[in-house]
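Q: Residue-level listing of the chains:
Number of protein chains: 2
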Amino acid sequence: MILTVTLNTALDVTYTVGSLVPHASHRVREVAERPGGKGVNVARVLAALGHEAVVTGFAGGPAGEALRGLLAPLPVRDALVPVAGATRRTVAVVDSASGDTTQFNEPGPHVSPAEWAALLSAYEELLAGADAVALCGSLPPGVHVGAYADLVRRARTAGVPVLLDTSGEPLRRGVAARPDLVKPNAEELAALTGAREPLRATRDARRRGARAVVASLGPDGLLALTPDGAWRAAPPRPVRGNPTGAGDSAVAGLLSGLVEGLDWPGRLVRAVALSAATVLAPVAGEFDHGAYAELLAAVTVSEDTAAA
Amino acid sequence: MILTVTLNTALDVTYTVGSLVPHASHRVREVAERPGGKGVNVARVLAALGHEAVVTGFAGGPAGEALRGLLAPLPVRDALVPVAGATRRTVAVVDSASGDTTQFNEPGPHVSPAEWAALLSAYEELLAGADAVALCGSLPPGVHVGAYADLVRRARTAGVPVLLDTSGEPLRRGVAARPDLVKPNAEELAALTGAREPLRATRDARRRGARAVVASLGPDGLLALTPDGAWRAAPPRPVRGNPTGAGDSAVAGLLSGLVEGLDWPGRLVRAVALSAATVLAPVAGEFDHGAYAELLAAVTVSEDTAAA
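Protein chains in written order, with our numbering: chain A, 446 to 753; chain B, 446 to 753.
Think of the hints as simulated: they come from the structure by calculation, not from any bench.
From the three backbone atoms N, C-alpha and C, an ideal C-beta is built for every residue, glycine too.
Keep in mind that a hint or two might mislead.
Estimated spans, in silico, between C-beta atoms of each pair [claimed, not checked]: (1) B:E497 to A:S470: 16 to 22 Å; (2) B:P520 to A:L662: 56 to 62 Å; (3) B:R472 to A:T602: 30 to 36 Å; (4) B:A477 to A:L644: 43 to 49 Å; (5) B:D749 to A:S464: 39 to 45 Å; (6) B:E614 to A:V466: 23 to 29 Å; (7) B:A563 to A:H734: 43 to 49 Å; (8) A:P664 to B:S470: 18 to 24 Å; (9) A:S543 to B:G495: 48 to 54 Å.
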C-alpha cells in the first residue's frame, strides 16, 4: 500500500464562462467538481497504475463532505481525518473561447492541536502498513510550519520511504529532516536554495538533507541527483496541454517505481511519461492512458556522470 | 405577514483577493458567506423594519444546506421547499485595493415537475396568511418561463397584493398576468418594452398589464405610474457605494408601506431612503440604519401630473 498525505485537501470546482472580464458579472455555464489536493491526485494515478492507495489528511465542512462523496466511488481508500473547520474550495474559471484559466484558492480550515494529534495518530497507524508515503502540498492554517519535517521523521523511524512535495518554509524544514526524495519544480528549488541554475540548485537541495532530489524542469523533463547516480529524462518532444496535475503524476510514477523495485532510469521514464500524458489529457489531473503507453517507449533517459 | 418568493435562492460567497489578474492564480485572503437571492434580501429588510417576513422558494444540496443554516438565526421564517438539485453559489471576487467586484453566478438546480408542484402547494398555503407577496429574481433551470405569471394569478385569486421583480421573458409573461406592482430598472424596462426613455417605457409596462409600475432610475431615484397618480422620488444628493441589494431594499420599502397603509408618496419616500441607505452600507445587501432615518426626512417626492 502507498500512503499519500494531503493536509490541505480541496474541493476543486471548475466554472466555464464565456470570457473572463474583470469587474463584470458572469453567467457560469457549467459547474464541475472533483476531489482535489496534490496527494489526492497522486493516489488516483497510483490506483490507475494498479497500486493500493490510501489518502489521509484533513476534511471538514460542506466542501469536505462533498470531497469525501466524490472519493467514495474511486479506487482509493479514504482515511481522511475529520476537522471542525471547512475544507477549502479552489475555483478555476475557464474561458470557454481561449481555454485560459483564472484560479482562486481558499485558504483551508484552521486545524486545532487536538486535530493535528488525531492526524499523527492516524498517520502512525497507516505507516505500519505502507510501502511508501508521499507528503503533498500546502499546509492549512493552524498547522505548524515544521509539520512535514515531523511527518518525514516519523516515516524514517517506521522505515517507510518518504517523498516530500511541498514548497516554501515547509519544504525547507522538511528537507532538513532528511526525506528519501523531494520533487521540487524550478521555482520551488530556486526559492529553497537561492540558486536559479537547476543543476546547482538540485545539488544544493541534496546538501540540505534530501537523499535524492528529482527536479521537475517543466517541458524539459526531470533531473535526478541520487545516491546511485545522476540522470536526465525527457519526453521525445514537448507536449502542449493543461499542466495541472503533471507534477502529481510524476510523484506517482516515482513512488510506484520505487515500490516495484525499478531502478532510477525506470522510475524516471515512468514519471516523465505519466507527467506528459497528464498534460495531454483533456481533464486536469487525469492522464491519457494511450499516450502514456506510447511515451513509456519514447522517453529518453541519460546518465549525467558529470553531475553526479 | 409578508411573503417573499425566491425560486433561485443562492449562497452568496465573497472572496477577497489582492487584485484580480485574468489567467493568474489567486490566494483568497478571506471567504464570507451569506444567504442570497433577491427575495431573501427583501425579507431581511422587511424584518429589520419590524415586519413578519416569510421566505419561500427552493433550496437543495450543500449550498442549500449552508443557506438554511445562515437563515436560521435571522428574524425571517424559512419556508423553503427542498429540491434534489443543488442551490447555486454566487462568487463575488473583490479586489481589496480598488473594491471592484467580479461576479460569477452558477445557474441553479434543475427543478422537477414534482418539486414545482410542491412549491405551488406551499405557496397557496402561505398566501392564506399573507398581507402581500413579492416574487423575486431569476428562474432556476427546469422551471417554466410562465412560472411567475402562474404565481401572480394565484396571488390575485387569493386577494393578496403581488409585486413582481424579475427580468426578461419571465417578466414579460408575469406582467401580462396583471400583478399589482412591478419594479423594473431602466435596463429591464427597455428590454420589456423596447423603449429607452423611462417615462415612455414605464407607461408601456402599465399598458402590458401591471396595475402600477415603479421604475428604478438608479441614482435618480424612482418613477411611479399608478392608478392613483404619477410621482418621482429622489434622494437629496447622489449616494456612492455598493448598489448590490439596493433594488431589493426598494421592494421592501414599497411592500411594507403598502401593508402599513401608507399612500404612494409615503411608500416611495421609504423605498428611496432604504435603497440609498443600502448603497451606503459597507456590506452588500444590508442598510445603514442611521442614514435611513436621515434620508426619510430628506427624500423629495413630487407628483408628475403630466405623466399620469
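Q: Now tell me if each hint is right for this structure.
A: To see whether the hints hold, each was checked on the structure:
no., hint, verdict
1, B:E497 to A:S470: 16 to 22 Å, "violated, 33 Å"
2, B:P520 to A:L662: 56 to 62 Å, "holds, 60 Å"
3, B:R472 to A:T602: 30 to 36 Å, "holds, 34 Å"
4, B:A477 to A:L644: 43 to 49 Å, "holds, 46 Å"
5, B:D749 to A:S464: 39 to 45 Å, "holds, 42 Å"
6, B:E614 to A:V466: 23 to 29 Å, "holds, 25 Å"
7, B:A563 to A:H734: 43 to 49 Å, "holds, 45 Å"
8, A:P664 to B:S470: 18 to 24 Å, "holds, 19 Å"
9, A:S543 to B:G495: 48 to 54 Å, "holds, 51 Å"
The structure shown violates just one earlier hint, number 1.
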